[in-house]
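Numbering (our numbering), first residue to last: 45 to 111.
For the record, the hints were derived by calculation from the structure and aren't laboratory data. Beta carbons: idealized from backbone N, C-alpha and C, even for Gly. Be aware that a few hints might be false.
Below, simulated SDA-like cross-link-like pairs (lysine to any residue); rule was C-alpha separation at most 25 Å, straight line [stated by the list, open to error]:
no.: 1; residue 1: Lys46; residue 2: Leu94
no.: 2; residue 1: Lys75; residue 2: Thr54
no.: 3; residue 1: Lys46; residue 2: Leu82
no.: 4; residue 1: Lys75; residue 2: Met45
Derived CB-CB ranges, DEER-like [said to hold, decoys possible]:
no.: 5; residue 1: Asp79; residue 2: Gln52; range: 14 to 20 Å
no.: 6; residue 1: Leu88; residue 2: Asp67; range: 16 to 22 Å
no.: 7; residue 1: Leu57; residue 2: Leu88; range: 17 to 23 Å
no.: 8; residue 1: Leu94; residue 2: Glu59; range: 17 to 23 Å
no.: 9; residue 1: Lys75; residue 2: Thr96; range: 15 to 21 Å
no.: 10; residue 1: Ser84; residue 2: Gly105; range: 30 to 36 Å
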Amino acid sequence: MKAQLIDQCTQELPEQVCSCAFDKLEKQIGKDELDRRLSSPERLFEVTPLLTSNLEPCYYGEGNAGR
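Using the sequences and the hints given, assemble the complete structure.
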């Protein structure tokens, strides 16, 4: 499922921006929790707004600002 989301993302944005957003999301909620949400269709909607909120700082080069 993550690959599908990255594919959708990279249709509109550079791949490094999408990867950055996923990395930030993984740090925010944890890899295990992210995997659980991505593997559950009814929880997938929870990932999208979080991912979207990470895209802008990644796009503008603030990928490490959250540390």
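Verification of the hints:
1. Note on Lys46 and Leu94: the hinted pairing holds, with a Cα-Cα distance of about 14 Å set against a maximum of 25 Å.
2. Using a Cα cut-off of 25 Å, the hinted pair Lys75 and Thr54 holds, with the two alpha carbons roughly 21 Å apart.
3. Between Lys46 and Leu82, the direct Cα distance comes to roughly 6 Å. Compliance with the 25 Å bound is thereby established for this hinted pair.
4. Proposed proximity of Lys75 and Met45 is supported: the alpha carbons are some 14 Å apart, at most 25 Å.
5. Taking the beta carbon of each, Asp79 and Gln52 are about 18 Å apart, inside 14 to 20 Å as hinted.
6. Roughly 19 Å separates the CB atoms of Leu88 and Asp67, a value that falls within the hinted 16 to 22 Å.
7. The hinted window of 17 to 23 Å between Leu57 and Leu88 holds, with their beta carbons roughly 19 Å apart.
8. Range check, Leu94 to Glu59: about 19 Å between beta-carbon atoms, so the 17 to 23 Å window is met.
9. Between Lys75 and Thr96 the beta carbon distance is about 19 Å. The supplied range of 15 to 21 Å therefore holds.
10. At about 32 Å, the CB distance of Ser84 to Gly105 agrees with the hint of 30 to 36 Å.
Figure legend: structure checked against the earlier numbered hints; every hint is met.
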